[in-house]
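J.: Chains A and B supply the protein sequences, listed in that same order.
Heads up, the first sequence is in this note's numbering, so the first residue is 1 and it goes up one at a time.
Heads up, the second sequence is in this note's numbering, so the first residue is 1 and it goes up one at a time.
A few of these clues could be false.
[Said to hold, decoys possible] Short derived list, chain B residues pointing at chain A, Cβ under 7 Å:
#1 GLN41
#2 PHE45
#3 ASP56
#4 PHE66
No lab work stands behind these hints: they were computed from the structure.
Beta carbons: idealized from backbone N, C-alpha and C, even for Gly.
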Amino acid sequence: TQLLEQSPQFLSIQEGENLTVYCNSSSVFSSLQWYRQEPGEGPVLLVTVVTGGEVKKLKRLTFQFGDARKDSSLHITAAQPGDTGLYLCAGSYAGNNRKLIWGLGTSLAVNP
Amino acid sequence: GAGVSQTPSNKVTEKGKYVELRCDPISGHTALYWYRQSLGQGPEFLIYFQGTGAADDSGLPNDRFFAVRPEGSVSTLKIQRTERGDSAVYLCASSLGGQGGTEAFFGQGTRLTVV
Chain A
1 TQLLEQSPQF LSIQEGENLT VYCNSSSVFS SLQWYRQEPG EGPVLLVTVV
51 TGGEVKKLKR LTFQFGDARK DSSLHITAAQ PGDTGLYLCA GSYAGNNRKL
101 IWGLGTSLAV NP
Chain B
1 GAGVSQTPSN KVTEKGKYVE LRCDPISGHT ALYWYRQSLG QGPEFLIYFQ
51 GTGAADDSGL PNDRFFAVRP EGSVSTLKIQ RTERGDSAVY LCASSLGGQG
101 GTEAFFGQGT RLTVV
């Protein structure tokens, strides 16, 4: 059973398009993190969200944590080829915030 | 060091052999994590160290897997009697630990291939 479901699993778009990636769970998380991983590299943290309803922006990336802290989304505006990579969400539970539960990731390809 | 360092970067071994994978965390980071990532999947938690002790080893798949961190810095993941299903990228990450924040910095991983 996958505790964190990410969708879509694969996404191929043209440069300049917008996209949204979803991370859903039936569990409540105390915090949720988004990472980006490039081939041959380890994941790199993009953002951490901790408050239900929280919205964080990182340049063209907008992250939202659901009101019930069970889901999150990542929206990219005007995607660029440099955004290509594997986007992973990971959540932690209250009382065990060191052990991250990972989604399977969304593989994004932005074509020039 | 500047980042988390993992060695070797690639390891090919025969089924049934013993392997050791090394992780050098960022200096001063007390928390260290091992993950395993199969192709097309997210990282799978294996074990978490806080200092020298294994605070959570619930992700180790079976008793063939063992990890140590004797001095609270470098960690070694040990796999006995390797099986083809152990083939994966093994990722190590470190963080400040304690109240210092949960942001984990990952190494580039060790790609283990069991033939």
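J.: Now tell me if each hint is right for this structure.
T.: We went through each hint and held it up to the structure:
Annotation: interface hint on B/GLN41 holds; nearest CB of chain A at approximately 5 Å, less than 7 Å. Checking B/PHE45 against chain A by beta carbon gives a least distance of about 6 Å; that is within 7 Å, so the hint holds. For the restraint placing B/ASP56 at the interface with chain A, the shortest Cβ-Cβ distance is roughly 6 Å, inside the 7 Å limit, so the hint holds. Hint status for B/PHE66 relative to chain A: violated, with the closest Cβ pair at about 19 Å, above 7 Å.
Hint violations for this structure: number 4 only, all remaining hints satisfied.
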